[in-house]
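> Position 137 of the sequence shown, counting from 1, maps to 144 under our numbering, and the rest follow consecutively.
Wrong hints could be hidden among the right ones.
Stated by the list, open to error - Calculated pairs, DSBU-like style, for lysine-lysine (alpha carbon to alpha carbon, straight line, at most 35 Å):
(1) Lys231 x Lys211
(2) Lys264 x Lys558
(3) Lys211 x Lys184
(4) Lys663 x Lys407
(5) Lys706 x Lys646
(6) Lys679 x Lys630
(7) Lys264 x Lys520
(8) Lys520 x Lys646
(9) Lys558 x Lys601
(10) Lys446 x Lys407
(11) Lys407 x Lys558
(12) Lys264 x Lys184
(13) Lys489 x Lys435
(14) Lys203 x Lys407
(15) Lys446 x Lys435
(16) Lys630 x Lys558
(17) Lys630 x Lys601
(18) Lys679 x Lys646
(19) Lys231 x Lys264
(20) Lys520 x Lys408
(21) Lys692 x Lys264
(22) Lys352 x Lys460
(23) Lys558 x Lys435
(24) Lys435 x Lys391
(25) Lys601 x Lys391
(26) Lys408 x Lys489
(27) Lys268 x Lys391
(28) Lys471 x Lys630
(29) Lys268 x Lys435
(30) Lys646 x Lys692
Stated by the list, open to error - Okay, the calculated beta carbon distance ranges per label pair:
(31) Glu341 x Ser262: 32 to 40 Å
(32) Val208 x His632: 47 to 55 Å
(33) Glu341 x Pro648: 17 to 25 Å
Don't read these hints as lab results, they were simulated from the structure.
Ideal placement from N, C-alpha and C gives every residue a C-beta, glycine not left out.
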Amino acid sequence: MCVIITVICTSARAQSLASVESLPLDKFDEYLPADTLPHPWQTYGQFNENLSVLLQPWAESDITGNLISGKGVEILDQSETDGNGIGFGMNFTQPPAGPVMFTFDIRLNTRAHHSDQMQLKVTLGRDTSHPIHLQISNQDGIRIQTDGTQSTLLSEMQAGRWYHVAILGNTQSADVKIAITPHPSHNKVGYPNIGKPAAYVDYKLPQLWGQPTDVRFVIDAPVKAIGAWNIDNVCLLGDVTADRRAWWPFKPDLSEKIDGKRVFAYYFPPFSANRATKDSKLNWPYVDDPTLSWVFWSWLNFTNDLDYRRWTSGSKMQYIAYPRVPIPGQDRFEAKALEMTEEVKLGQMMGMDGFIMDFNVREDHDEWNWLNAKSLMLMDAAGKTDGAFSVIPAVYGQAKKSGVNGEADQGYPAEQYASSRNLRNAIKHPGVFRDSDGKAVMSMWLTEKHSPKWWSQVLANLEKDGMPTSLFAQFNSTGQIKGFADVAMGMTHWGPRTPAEYGWYEAARPYAKTLGYPIVSQDVRTRGSQVMGESQNTSTLRKLWQDAITKNADWAVINTWSDYTEHAQMPSTAIGFSYYDLNAYYAHWFKTGKQPRITQDALYYIYRRQHTDAPQLHGVRWKVHGGATNNIELLAFLKTPGTLVVNVDGQIHRQKAEAGITSMMVPLPKGKRFIPYFAVERDGKETLGGYGRYTVYEKVDYPNLLYHSGVIVKSFD
Numbered sequence: 008m009c010v011i012i013t014v015i016c017t018s019a020r021a022q023s024l025a026s027v028e029s030l031p032l033d034k035f036d037e038y039l040p041a042d043t044l045p046h047p048w049q050t051y052g053q054f055n056e057n058l059s060v061l062l063q064p065w066a067e068s069d070i071t072g073n074l075i076s077g078k079g080v081e082i083l084d085q086s087e088t089d090g091n092g093i094g095f096g097m098n099f100t101q102p103p104a105g106p107v108m109f110t111f112d113i114r115l116n117t118r119a120h121h122s123d124q125m126q127l128k129v130t131l132g133r134d135t136s137h138p139i140h141l142q143i144s145n146q147d148g149i150r151i152q153t154d155g156t157q158s159t160l161l162s163e164m165q166a167g168r169w170y171h172v173a174i175l176g177n178t179q180s181a182d183v184k185i186a187i188t189p190h191p192s193h194n195k196v197g198y199p200n201i202g203k204p205a206a207y208v209d210y211k212l213p214q215l216w217g218q219p220t221d222v223r224f225v226i227d228a229p230v231k232a233i234g235a236w237n238i239d240n241v242c243l244l245g246d247v248t249a250d251r252r253a254w255w256p257f258k259p260d261l262s263e264k265i266d267g268k269r270v271f272a273y274y275f276p277p278f279s280a281n282r283a284t285k286d287s288k289l290n291w292p293y294v295d296d297p298t299l300s301w302v303f304w305s306w307l308n309f310t311n312d313l314d315y316r317r318w319t320s321g322s323k324m325q326y327i328a329y330p331r332v333p334i335p336g337q338d339r340f341e342a343k344a345l346e347m348t349e350e351v352k353l354g355q356m357m358g359m360d361g362f363i364m365d366f367n368v369r370e371d372h373d374e375w376n377w378l379n380a381k382s383l384m385l386m387d388a389a390g391k392t393d394g395a396f397s398v399i400p401a402v403y404g405q406a407k408k409s410g411v412n413g414e415a416d417q418g419y420p421a422e423q424y425a426s427s428r429n430l431r432n433a434i435k436h437p438g439v440f441r442d443s444d445g446k447a448v449m450s451m452w453l454t455e456k457h458s459p460k461w462w463s464q465v466l467a468n469l470e471k472d473g474m475p476t477s478l479f480a481q482f483n484s485t486g487q488i489k490g491f492a493d494v495a496m497g498m499t500h501w502g503p504r505t506p507a508e509y510g511w512y513e514a515a516r517p518y519a520k521t522l523g524y525p526i527v528s529q530d531v532r533t534r535g536s537q538v539m540g541e542s543q544n545t546s547t548l549r550k551l552w553q554d555a556i557t558k559n560a561d562w563a564v565i566n567t568w569s570d571y572t573e574h575a576q577m578p579s580t581a582i583g584f585s586y587y588d589l590n591a592y593y594a595h596w597f598k599t600g601k602q603p604r605i606t607q608d609a610l611y612y613i614y615r616r617q618h619t620d621a622p623q624l625h626g627v628r629w630k631v632h633g634g635a636t637n638n639i640e641l642l643a644f645l646k647t648p649g650t651l652v653v654n655v656d657g658q659i660h661r662q663k664a665e666a667g668i669t670s671m672m673v674p675l676p677k678g679k680r681f682i683p684y685f686a687v688e689r690d691g692k693e694t695l696g697g698y699g700r701y702t703v704y705e706k707v708d709y710p711n712l713l714y715h716s717g718v719i720v721k722s723f724d
């Protein structure tokens, strides 16, 4: 269900901007079977009953092995007089200069007879230049063009067998590493049946890889050749942490920020970004390929490793953090340490001051040890910023009970928690956030499950042992606020899920020395197949930021950065950088007290890929707590006044907009398939516009009620 994520931009802007957002990253499972490829994929050639390019269940790769809703692309040629040149591909905004990785799964399907002469050409490049040029056939194997017209054999090929192709390099180099991993048996589907992935081998391209803007999979064979190619899991990865500021509708400047105003984000370490993987539970080997990882195969697989709470939803997650380009030879600790350095870089670029990061006191299992190791690596990265960015450790205990009125005190002494080695290592770490008195600040989600007295004892024990510490409370209720007034240095709340009036500020301000205001985008949970409240596109996010600004909260707390089981806002599939960009704008406003001046137009679009009442092939009807709205939003940041335009299946909606920020909502119709178009007009002419990245479907396989988003910008070079 790894949908294609992108930013749409005008042609003038496409050459000067770079991002990972529009790169192909598609497992094809979310679409309908026996159907055409959705926008922004394109098909090439003329089709008839003998020539087709369709999504088919039998084209699902054995490597990922989604046995229920899996699909791949089949290029079918049953004509002995035509078929050369048919195929599919995509145009996209170039990736940032730097590391890149291109992967896909491929099979010559044996259901079509006399396929020995079938050949497929795979190209990745820009305009007429394609440094990545693969020629694939049963007779000649998988070959890559390495010098002019010369090609080099990468792997033999056997019809009917799946192969995973991985090409790793840098846009500024012709040197690449390539690994071709065959799947061992059609009778063994999914991980870890592929076994140990093939080792990378060094090759040299005929020219620099460059910053590609198109990928193609096209039949290149004698006209008489017949057969079928199956392609799945097409992914192009790039530098997620590249400078984002050129996309923003404002110029970032925090030189005059208000003292004490801070922005933190809650970081859930199990679901962080993915450069590669090591799963100790299954003893799954470390691999230098995120598209062969536990994350890619399990979290986004509709049939793999699902617990009973998610069976009706078809997957563990509906989106993930953008995978990171691996560095071969790193062990998992080195890879994760680099990833955490990137997280700090992203946080600082957005205008944040730090993360609230989970730890656990437990040391009795490899999973807990790995979680704590990841959290310490984030603190290591923060510790290298000279205090500009820091971490508040949120340390889970081992209480047997829970609740919102101190129930967890029973059977779990404060002294036992305070003596935890993991807790003490975190609060002594150089990367820890310290309050104005120089005390390390700690936290715990659902702080109120322990009583104020229990927490006072924890802090007293730490103080006695030479580790003076303050508590920043994270509440999921409001009944214990007053009791924590003399215990906690600050308070925040998990936040609402709708844009309705909330009341947190009024309840907490009299008792909170530092009041943190929650910033929530949406909450879509596969466990239980439910939306925890209708966020109304970006309405909830914008309402919470406006409240934090106008009510003069001390901190803003983004809930969350990386908890994909509820609501993550880091750069990710499906949401792209949209929430990241919006949070950057409002964070600057919050921290300076001045609304940033809009310096260029930006059109953010936010909508679901289906009506909530759309018919479905699998799963249950999702529950939307409080009822659903079905709207398409155009959130416009305009430098000067204009007219906003949204075209929905031929029905054109217009709305006048002043300079500044305007939200335009139009109905998302039921029973229609379409690609919405967004624009701004001035003096009767379009000055900026583009299609949304996501096709809205009239019916779906499994439901997906996540709001998808993107941005349309152009250059003023």
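> Each hint needs a verdict: does it hold in this structure or not?
These are the hints, each one checked on the structure:
no.: 1; hint: Lys231 x Lys211; in the structure: holds (34 Å)
no.: 2; hint: Lys264 x Lys558; in the structure: holds (17 Å)
no.: 3; hint: Lys211 x Lys184; in the structure: holds (9 Å)
no.: 4; hint: Lys663 x Lys407; in the structure: violated (57 Å)
no.: 5; hint: Lys706 x Lys646; in the structure: violated (38 Å)
no.: 6; hint: Lys679 x Lys630; in the structure: holds (22 Å)
no.: 7; hint: Lys264 x Lys520; in the structure: holds (20 Å)
no.: 8; hint: Lys520 x Lys646; in the structure: violated (38 Å)
no.: 9; hint: Lys558 x Lys601; in the structure: holds (14 Å)
no.: 10; hint: Lys446 x Lys407; in the structure: holds (29 Å)
no.: 11; hint: Lys407 x Lys558; in the structure: violated (38 Å)
no.: 12; hint: Lys264 x Lys184; in the structure: violated (46 Å)
no.: 13; hint: Lys489 x Lys435; in the structure: holds (29 Å)
no.: 14; hint: Lys203 x Lys407; in the structure: violated (40 Å)
no.: 15; hint: Lys446 x Lys435; in the structure: holds (10 Å)
no.: 16; hint: Lys630 x Lys558; in the structure: holds (33 Å)
no.: 17; hint: Lys630 x Lys601; in the structure: violated (40 Å)
no.: 18; hint: Lys679 x Lys646; in the structure: holds (34 Å)
no.: 19; hint: Lys231 x Lys264; in the structure: violated (70 Å)
no.: 20; hint: Lys520 x Lys408; in the structure: holds (29 Å)
no.: 21; hint: Lys692 x Lys264; in the structure: violated (39 Å)
no.: 22; hint: Lys352 x Lys460; in the structure: violated (38 Å)
no.: 23; hint: Lys558 x Lys435; in the structure: holds (34 Å)
no.: 24; hint: Lys435 x Lys391; in the structure: holds (15 Å)
no.: 25; hint: Lys601 x Lys391; in the structure: holds (30 Å)
no.: 26; hint: Lys408 x Lys489; in the structure: holds (22 Å)
no.: 27; hint: Lys268 x Lys391; in the structure: holds (22 Å)
no.: 28; hint: Lys471 x Lys630; in the structure: violated (50 Å)
no.: 29; hint: Lys268 x Lys435; in the structure: holds (24 Å)
no.: 30; hint: Lys646 x Lys692; in the structure: holds (16 Å)
no.: 31; hint: Glu341 x Ser262: 32 to 40 Å; in the structure: holds (36 Å)
no.: 32; hint: Val208 x His632: 47 to 55 Å; in the structure: holds (52 Å)
no.: 33; hint: Glu341 x Pro648: 17 to 25 Å; in the structure: violated (52 Å)
Consistency with the previously given hints fails for numbers 4, 5, 8, 11, 12, 14, 17, 19, 21, 22, 28, 33, ordered from lowest to highest.
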